[in-house]
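**Student:** Residue numbers (the numbering used here), protein chains in the order written: chain B, 1 to 359; chain U, 1 to 359.
Any given hint could turn out to be false.
Said to hold, decoys possible - Straight-line C-alpha distance at most 35 Å; calculated DSBU-like pairs for lysine-lysine: (1) K229(U) x K93(B); (2) K326(U) x K229(B); (3) K228(B) x K326(U); (4) K93(U) x K229(B); (5) K232(U) x K314(B); (6) K314(B) x K326(B); (7) K229(B) x K77(U).
What the hints assert, rightly or not - To be clear about the criterion: a stretch of chain U counts as covered by chain B if any three or more of its residues have a C-beta under 8 Å from a C-beta of chain B, and this derived list gives those stretches: (8) 5-14; (9) 54-67.
What the hints assert, rightly or not - Simulated restraints on C-beta separations: (10) D268(B) x M1(U): 37 to 47 Å; (11) V96(B) x Y2(U): 44 to 54 Å; (12) D51(B) x G316(U): 35 to 45 Å; (13) N353(U) x D177(B): 51 to 61 Å; (14) V342(U) x D177(B): 46 to 56 Å; (15) D268(B) x T31(U): 30 to 40 Å; (16) D177(B) x G99(U): 32 to 42 Å; (17) R74(U) x G231(B): 32 to 42 Å; (18) D119(U) x M1(B): 52 to 62 Å; (19) D158(U) x R29(B): 36 to 46 Å; (20) I267(U) x K212(B): 43 to 53 Å.
Keep in mind the hints are simulated off the structure, nothing from the lab. By construction, the Cβ of each residue, glycine as well, lies at the ideal position given by its N, Cα and C atoms.
Okay, here's what each chain looks like letter by letter:
There are 2 protein chains.
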Amino acid sequence: MYKKLFIPGPTHVREEVLEAQAAPMIGHRSTDYSDLHKEVRLKLEKLLYTDQYVFLVTSSGTGVMEGSIRQAVRPGKKALVTTCGAFSDRWHKIAVMNGVAADRIDVEWGEAITPEMVDEALSKEAYDAVTVTYNETSTGVMNPLKEISTLVNEKYPDTVVLVDAVSAMAGAKIAVDAWGIDVVFSSTQKCFALPPGLAVAAVSERMIERAKEVPNHGYYFDFLTFLKKYGKDQTPATPAISLIEALNTQMDAILEEGLDNRWQRHIDMANVVRAWARKHFALFPDENYLSNTVTTVENTRGISVADLNAELAKRGAMLSNGYGSKLREKTFRIAHMGDLQVADLEWLLDQINDFLGLG
Amino acid sequence: MYKKLFIPGPTHVREEVLEAQAAPMIGHRSTDYSDLHKEVRLKLEKLLYTDQYVFLVTSSGTGVMEGSIRQAVRPGKKALVTTCGAFSDRWHKIAVMNGVAADRIDVEWGEAITPEMVDEALSKEAYDAVTVTYNETSTGVMNPLKEISTLVNEKYPDTVVLVDAVSAMAGAKIAVDAWGIDVVFSSTQKCFALPPGLAVAAVSERMIERAKEVPNHGYYFDFLTFLKKYGKDQTPATPAISLIEALNTQMDAILEEGLDNRWQRHIDMANVVRAWARKHFALFPDENYLSNTVTTVENTRGISVADLNAELAKRGAMLSNGYGSKLREKTFRIAHMGDLQVADLEWLLDQINDFLGLG
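Construct all of the structure, not just a fragment, from the sequences and the given hints.
**Tutor:** Put into structure tokens, the structure is as follows:
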């Protein structure tokens, strides 16, 4: 039985999008491919409000995370990593595993990173890059990306802003150029509502210039290598063509819905889940920084989340337990992203109410 | 009009395999996924004659190339890169771009790397790794992998053998354990006859031990990170689930065909193309090292390969021009890999004969 996915990726994928993957295969150095790539790129530029570079990377978003931090930090310089949960912490792990020097700002899980925190750290020491996790999928916190990014741009022009928007892009507004973002990336299996296997990255001119100053920063995720094929609307290595076909189909649907409508639908879905959580449980994150795409519910009733999910499986749905040993069973997560609708969330919450005997 | 692909990847993908991608989406931390992953892994172990590790990596093969050379060479040590064309040369480019010290053995394009060359280099200096490109897609040379790998294993136990089998795996035998290969990888869009976007890698215990001795070797392609999820039959980052569904379908077809039959079919297809090339043109590579999966034809008639391909497009086929500025128009390439059959090649050659007025 198909389980509709209310987990924060992979999310539910519509039949039409699944089937778009099955287009006949084409050569990746052919004009057929370049035409497809260009179409998708132009649609993504609209989604991301950017006139700079948009790359399609065959990997999960984590790969671009690694590539961007390797390319952003010059020898003898450091990155400032802001962490508020498991995924923002991954930036630091990746920096360490690549020999990139990095300091941290840490807040408690459930709290957000503020522009003031970043300002304070950057005022004390020069950093080549600051990392921001727009939507921390483990805690359900949405960090104030616009405020952080514009602050860094205005006050610290040598610091590039690297943004993990894996669980936000295509579900919440990201105005790359206006907000002064240097790298922002996502994976297709989140708010794009595609199968996993492809990453989308927007990269600024400033980041390209920075990458030129960083030796030995790798090949597969190297933006300069991507640029060599950019004019032809091709990629350095063979790309995930069937996912790009599906992305093309999906971008049409996204643009047809209208970007503002799309952001609002995600807020509407979030509001339904938040109201339910406040009534029957509690919200885990700081109320001022609630995510528009995933809600982390504090398990104040001490229910068995595993049992709940087992029951939902029988009813054709799946949500997520809390993330990792720190939050498992203490919280659970309901994602409201991509192509899910308010009615889907209402149906899910009805199922939970029914099983738990909630009014 | 669909063009049947006789290019060395992406290759022709059967309808059934294309449609297998459209399976309903599942969560990558679910037992549904683990069951799928395990099924595929066990089938791949048969394909690769290995009891060691098989990883599914969401990237093209190039990504695993980068990961493996970063993990194989300890500080102060070097890699020996053997090059005989554009793709084997990529090993060196990647080493340089990651600050990995590497020496080279170079032969003319069209020639092969021999065990004697490798023996001579390793007898003079200690290397942590040697790279081998099983099938050099640019020149149509198949290097004697078994002989090189077993030699290195027997005489130089500290040297790990890293193998690019991108355009060979699933089209030619690779006995990972018996031949003493430490890393071998491929992309799915070649002899697996799937869409691109997924890499398959077999990794030895010895390579795992080596990786532990190499600091700062990265995250996304780190085999030790893959191992953490291995017992659960999961992957560190979200994998390309729809391609893994397609791979599962395709592996059933491959095992049903029988491995020995499959290797023989590739040789049979190669023989048809070689005989035609000898009659009407000439073979570009050394006759002793002809590839079983792609034939590079020397353009002794000085035809316009671009025009030939334009005509073939009208007839529903596509072959490859020569690789890069060095071989374009001087050679052309006919791939005979994956699910293509002898009859497909005969049809293609008939079309070429007809267009060029050959007997």
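**Student:** Going back to the hint list, which numbers does this structure go against?
**Tutor:** Violated hints: none at all, because every hint is consistent with the structure.
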